[in-house]
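Asks: Listed in order, the protein sequences are those of chains B and R. If you use the numbering used here, the first sequence corresponds to residues 243 to 1007, in order. If you use the numbering used here, the second sequence corresponds to residues 243 to 1007, in order.
Read the hints as simulated data drawn from the structure, not as lab findings. Small disclaimer: the values here were computed from a predicted structure and weren't measured. Incorrect hints may appear among the rest.
[Stated by the list, open to error] Computed far set for chain B versus chain R, every beta-carbon distance over 10 Å:
(1) Ala379
(2) Ala418
(3) Thr464
(4) Asp638
(5) Ala677
(6) Arg713
(7) Ile751
(8) Leu796
(9) Ala815
(10) Arg844
(11) Glu866
(12) Arg978
[Said to hold, decoys possible] Label-pair restraints from in silico Cβ distances:
(13) Asp802(R) with Asp656(B): 52 to 58 Å
(14) Leu888(B) with Gln361(R): 23 to 29 Å
(15) Glu801(B) with Ala412(R): 50 to 56 Å
(16) Asp314(R) with Leu301(B): 48 to 54 Å
(17) Arg259(R) with Glu947(B): 49 to 55 Å
Here a beta-carbon is modelled for each residue, glycine too, at the ideal position from N, C-alpha and C.
Protein chains: 2
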Amino acid sequence: MTEFTAIGRPTPLIDGRARVTGATRFAADRPLPGLLHARLVPSLYAHARIEAMDTAAALATPGVVAVLTASDLPAVVPSSRSRLLLARGRVIFAGQPVALVLATSEAAAQDGAQQVRVQYDPQPAAVTLDEALAEGAPLVWPDGVPSGENVSAGAHGADQGAAAEAGKQASNVSSAATQTRGDVAAGFAAADVIVERVFTTAMVHQSSLETHTVAAQPDPATGGLTVWSSTQAPFDVRQELAEVLGLPEADLRVIATPVGGGFGGKFGLYEPLVALAARALNRPVRLSLTRLEELLATNPAPATRLRVRLGARRDGELTALEAEVQVDNGCYPFDIAGFFGYMLASFYRVPNFSVRGQDVLTFKPSAGAYRAPGAPCVIFALDSVMDEMAQRLGADPLEFRLRHAARPGDPLADGDPWPGMGMAEVLEALRDHPAWRERAQARARGRGVGIAVGGWMGGTEPAAAACALDRDGRLVVHIGSVDLTGTTTGFALLAAEAFGLPAEKVRVIIGDTATAPYSGATGGSKVTYTTGAAVVQAARAAREQTLAIAADLLEAAAEDLEIVDGLVRVRGAPGKTLKLADIARKTMRFGGQYAPVYAHGRVAETAHAPGFSAQLAEVEVDQETGVVQVRRLVVAQDVGRALNPLAIEGQMHGGAVQGLGWALYEQMGYDAQGQLLTGTWQDYMLPGSMEAPAIETVIVEVPSEHGPFGARGVGEAPVVPTAAAIANAIADATGRRLTDLPMTPARVCAALARPREGVSSGRSA
Amino acid sequence: MTEFTAIGRPTPLIDGRARVTGATRFAADRPLPGLLHARLVPSLYAHARIEAMDTAAALATPGVVAVLTASDLPAVVPSSRSRLLLARGRVIFAGQPVALVLATSEAAAQDGAQQVRVQYDPQPAAVTLDEALAEGAPLVWPDGVPSGENVSAGAHGADQGAAAEAGKQASNVSSAATQTRGDVAAGFAAADVIVERVFTTAMVHQSSLETHTVAAQPDPATGGLTVWSSTQAPFDVRQELAEVLGLPEADLRVIATPVGGGFGGKFGLYEPLVALAARALNRPVRLSLTRLEELLATNPAPATRLRVRLGARRDGELTALEAEVQVDNGCYPFDIAGFFGYMLASFYRVPNFSVRGQDVLTFKPSAGAYRAPGAPCVIFALDSVMDEMAQRLGADPLEFRLRHAARPGDPLADGDPWPGMGMAEVLEALRDHPAWRERAQARARGRGVGIAVGGWMGGTEPAAAACALDRDGRLVVHIGSVDLTGTTTGFALLAAEAFGLPAEKVRVIIGDTATAPYSGATGGSKVTYTTGAAVVQAARAAREQTLAIAADLLEAAAEDLEIVDGLVRVRGAPGKTLKLADIARKTMRFGGQYAPVYAHGRVAETAHAPGFSAQLAEVEVDQETGVVQVRRLVVAQDVGRALNPLAIEGQMHGGAVQGLGWALYEQMGYDAQGQLLTGTWQDYMLPGSMEAPAIETVIVEVPSEHGPFGARGVGEAPVVPTAAAIANAIADATGRRLTDLPMTPARVCAALARPREGVSSGRSA
């Protein structure tokens, strides 16, 4: 086993101090002289025709410089949500931007936006899945759904899903996909026990502290634009802008500003609109969404309905799985239901299955990616049913899962083999945890204990990185991956390890799209896995270049050299050393005889490195009020290799708290007319420090085959099983299974009013 | 011979339109919110002790925020001119900054600067070479000259000079160097004809349209600084800043803004002072010099005095050369006289020589690099003497030069062999030119015709470049070399040629020091030669990467592929093609199977590629007023390979016009107390379009061994022989040799008052 010198040490985030002291400059903090502030004018209706617009009063508002409507913008095909720009004659969700007011101050823009008069002809809106699927339902896209690939789903590894069946008939079903294996009817016929439930999950918002913020400034020298965006995906934003504006990619400089929370919600949304506005006015324009706009008109996680039916023999063998997954896409196709079904049929070994996914359009904002898209919903349904099955069979719920958990090489839903992963290992880690071993004591105090397990495939994407040695002997790594949750600190550790320097001698520079080596979006638990691999490759190559120069100068063979404490030295010849700084200086001066140390890495790893988390929740349920309190939450996770345990624990905490939100608190409410009921954080309930329990973390390391030093993506797995674990704990505590997220006090009270369904599976252990 | 598709075509400069329409944003055009404007408080004396300073009135000026003096700054060792910062107790040239006023507007800063009261104790100042060298002269650095390498000289290839002899005794001689070959005394004893003259050249200012401009902004997130500078040398500026500020290089982001003229004068000067001011106030600070400050307190070309003695036999063989070169360094060591001597002894084949160089300190602003530093002075002296020798021997002046001109392999002054170069070829090109062949007609009209030849070694420096393929099939080249005179357009042509694309599909991005691959300063005629070579290497590697992907996709061997019209196709199989854009897209998307096309080049070419220019001037001399008018100017130049003939012709024009300034107009005048007499462009005479003659260019191509496609640096050679050619033309016209630059009407009149020295050599042909 290699001894590591940089990775594996708990390392505070490089930008942590700047973030907590307020020194970090976010997109909205960048002063741009001559800036125009933009404000959206939101549609008042979920579905309406726009009969007339009167902008005179808005234009007369002091400070207002312009009011743009669809007619001021090019008529681009709305083949992505961000190309809807401004509503063109018709609105399809309440809050959809119908006009953009540009003013010399935020306040003036707000005043002007309130003066835009729009005459609507309201139309009936299908707001729920049932309404959208009903005979004669109003159609979101009566003339056909605009075609276009959705980048966000693929970003999260969703491209493994079965090919979507084309749903081209005039309906609100944008896509449907079925995946099967074996003989489901025979499987159920062979079953002794069948559990069947229908689950629903709410539309949930990513709720970053920093709202979507975009600024664009025309560059008179090139005819292009500089765009500052709080985005996880600067290269995707550049592509979208290049296509919408018809500009070469190189004439667009997309600068990804520090992201104040992304969680999948910031792959690009209002950049084309803001860029077109900046072009129209030939001035810098910035749109920084208000919290209301953020909740009204971005791209939250979709609501889902999952019917799951599971059969097993009395000996515990699973015989069949049947499921139907409906995903409320909102107004624009997300095309992800097939992937949800794919996940559902992949985690446990079931010989016969049939899962059907259906994407349904409704008159609501379009759904988008949110940390492990769909997986919390899928696992909530699947692991609730597994838990109930164990209970019905009288099996230990942990051993039951362990028995059926997929292992590396087992077939995924599409028949491909599972790559190396640690689903079993995280369950074993939980089995060994005091919270599980001593669960009887918790129960004795009236608490319920539940577990669940789930994971994420991990995305892949080509990535590149560059690495140079500065004159002061420091290593500079240049990447295009936005920092989220400490990825940059991880890159510094990787480069340090690969080159042979302490991490504090490494500087990681995140370039803009004009100069940075390509990397995909920061998301999909793939950044450390892919960009990290490119960084390691670049740092190793830079080391080789450095040693080649040193070998020449020291008259030694490169393979006899080592780098220790900033010195290159000949093994066994302690006197023969060179400072890294001195080597670099020889490459960066007039008449220098050695080429600069400048190396790159470029990778296209296509093998996935799934990450799994098993979690245990210990809950108290107030039998009178229905209030659920999570008293203990154990998060075990396979991270492959813990590059920075401190950052990983942060991810495990953050994921589990967001899972807690899914479980108990968060939902975007809409009334019958499609009006948002939860337009503030007073109405939309996020778990805060008062709600979050003490979280215990267990890091499991099952090294991945291809990740840097065995690392796997760690961002998404920890959010996946939390809701299921809490639901199973509530079942354990109350004898009632809750099937709708969030499990609000009202829902718990309603469940408590029903008869007990039997002791929880956990109690039978 | 290869057929080129991109290089060799006259190509308008990529940034030309932006420059002429005013779209280019220079350093002073960048708005920085919260900016403080800086104004220098110049010393009133060339040499004085500062007894007291009173800043109260300045601080009371409306808009003034701070007044910094030396005591507010760290006491750094002044081991470079830019580290003089603010005068510390003593001033050593008139105009030296003694304080820096920071205010909210330029006007307020100016007002404040005029309110700073400084009490001086004036001291005697040595202003001229003779005063500085006199017994008991006041010493510029009485406690010893601060040590430090001067980067500008090396930038221009000056590092070939002989090692300077240490001049450590208490004197104003900062360095002295002698180079010899053979037996000079015997050489002169064998001579039948000896020509000896003393030449002087004036202190000349680079006189860029854009003055030195620097802005610095502290970065609260890193503790570092972002610095915008109109500099030719961002990486040198970064190094200087890192050393002065004690910061890691990576925490300094030096952004080289478009340079509005450099000519060697912008290698870095006020960046440390401005950066320290920004740090002291924790606000952005900008200093944009006024024209007066520019002329008072930057780093013009040094004044020189050259005594040259040349001996020859009657048969025309040169027997000996003896020379003494004194360079007026101003207040700070430039250490370049040895290099001047090295040049002087290298151009012609002389078996015996002794050249001595002496750098002399005076109480004037420090001298610095200006287009081919020293070469115009050296060739003015050397080619005047050669011309006179030809005349005295009755030889054809062109054939005489051709006979003695160094050829590749001949020894340089230090004994190293001349690399491949075209000194003879440019003379031959001139010989074939109508202006030379038909010189009799010109003379018949009373004009004089003179020629001269000179060149520049060409610098070398390690350089790197990166190259990527965008999703739209365009190639992006990322470099760290500032654009001067179209170098960027040249890189686009080189990359296009190497990759196989039209130049308009290439984008060249000049990055800042945080992200760009290292390149040295743009200067020394080395950028195309070095960075260009790295660009070619990177583009070729990117092509190979692209073809490897295409080979896989097309199921063909990479060596069977070609790139034509943005398509990769299999030779002989016209149907099998792939668009470059489609290849790139496969490397830049989720789940992509191919690594991004991302390549680098890194070179450390140490062989030089000298560039030579031979010029012919046809002049009219007004016998009454002494006014010289150049009626015709022919510039023949060896460029190795003409990558962009349009840009090269621009260089030849620009160099020759600056040579015209050296010859006839430009001089920085100082009075006996060291006060600048030429503080405006009314007093300092630059040639304009009225003075410039029609210039005829002849491009000669003697391919260099190592340059990209045979290219040589072209920036410096055209300024070198102009003054000499004009002086020889004046001699031809008047029978008098002028030995002092500039050859003003007064000097011409004085010469005309002397008896004729004989017919010019030209007339004997």
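Asks: Would leucine 796(B) pass as off the interface with chain R, using Cβ distances and a cut of 10 Å?
Replies: 18 Å, holds
Asks: Can the suggested window of 23 to 29 Å be confirmed for the beta-carbon pair leucine 888(B) and glutamine 361(R)?
Replies: 59 Å, violated
Asks: For arginine 259(R) and glutamate 947(B), compare the CB-CB distance with the range 49 to 55 Å and indicate the outcome.
Replies: 53 Å, holds
Asks: Given the hint of 48 to 54 Å, is the C-beta distance from aspartate 314(R) to leucine 301(B) inside that range or not?
Replies: 51 Å, holds
Asks: Are aspartate 802(R) and aspartate 656(B) spaced within 52 to 58 Å by their CB atoms?
Replies: Check failed, 36 Å falls outside 52 to 58 Å.
Asks: At 10 Å, judged by beta carbons, does arginine 844(B) keep clear of chain R as stated?
Replies: 4 Å, violated
Asks: The hint says 50 to 56 Å between glutamate 801(B) and alanine 412(R); measuring C-beta to C-beta, is that right?
Replies: 53 Å, holds
Asks: For alanine 815(B), which was marked as not at the interface, is the minimum beta-carbon distance to chain R over 10 Å?
Replies: Fine: 26 Å to the nearest Cβ keeps alanine 815(B) off the interface.
Asks: Would the least Cβ to Cβ distance between threonine 464(B) and chain R come out above 10 Å?
Replies: Since the minimum Cβ distance to chain R is about 7 Å, threonine 464(B) lies within 10 Å and the statement is violated.
Asks: Please settle this one: glutamate 866(B) was flagged as non-interface, so is its CB more than 10 Å from every CB on chain R?
Replies: 49 Å, holds
Asks: Was aspartate 638(B) rightly flagged as not at the interface, with every chain R Cβ beyond 10 Å?
Replies: Given that every Cβ of chain R is farther than 10 Å from that of aspartate 638(B), nearest at about 38 Å, it holds.
Asks: Non-interface claim for alanine 379(B): all C-beta distances to chain R beyond 10 Å?
Replies: 33 Å, holds
The structure does not agree with the numbered hints 3, 6, 7, 10, 13, 14 stated previously, though it agrees with the rest.
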